[in-house]
Amino acid sequence: MRVRVLTVCLAATIGTMGTASAAETLPMRKAGLWETKTQSPDGNVTVRQCIDEKTDQLAQGAFGASQNCSKRSLVKTDTGYESESECKIGTISATGKALISGDFDSKIHMKVDTTLTGVPDMKEPVRRQMEIDATYVGPCIAGQSPGDIIMPDGKIVKMPTAPKP
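Sequence positions in the sequence shown follow mature numbering (1 follows the signal peptide of the UniProt record, and there is no 0) and run -22 to -1, 1 to 143.
To be clear, the hints were calculated from the coordinates, so they are not data collected in a lab.
Treat the numbers as computed from the prediction; the structure is a model and nothing was measured.
A few of these clues could be false.
[Said to hold, decoys possible] Lysine-lysine pairs mimicking DSS-like chemistry, simulated, CA-CA at most 25 Å apart: (1) K32 - K133; (2) K133 - K85; (3) K66 - K133; (4) K101 - K8; (5) K66 - K101; (6) K49 - K66; (7) K85 - K8; (8) K54 - K32; (9) K75 - K85; (10) K75 - K89; (11) K8 - K89; (12) K101 - K136; (13) K101 - K15; (14) K32 - K8; (15) K8 - K136; (16) K136 - K32; (17) K101 - K75; (18) K54 - K136; (19) K66 - K85; (20) K15 - K54; (21) K75 - K54; (22) K133 - K15; (23) K15 - K85; (24) K101 - K32; (25) K89 - K49; (26) K49 - K75; (27) K133 - K75; (28) K101 - K54; (29) K8 - K66; (30) K15 - K32.
Input sequences plus hints: build the corresponding full structure.
Here it is as structure tokens:
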């Protein structure tokens, strides 16, 4: 159950970033291998992802496109970006706020606060706070495809690709 909640939190986090209808958009990350460390009360997770321009666009919009969001905003600030969202993911309602900073060429930092209601087997709302630090590592490793996510155990998860026109 904890993994499922964390997955939903991450989906909400990325949904917070995926703001196709917002006036602002996040800068694109530098193409290559990025290491992302997520720290939360549920534990710490580090993954690596090979990205290019196309997969970065997909990553920013992937979850937002599949969510029913009544609110998605992204505002540029003096220190980075502030994002807010209210989305429905199946039976779960997620509200989230994120503060995003960094140069998007070498590092990105996010502070995320998400509240989930309607989580199966949970009577009370679930609040998750996490900090995410993404760091550019260098070029993708030989044999990696853009979008490949390398999990902590070494397993590679293929990111879904965009439908062909």
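Checklist entry - What are the numbers of the hints the structure violates, in ascending order? => result 3, 4, 12, 13, 18, 19, 24, 27, 28 and 29
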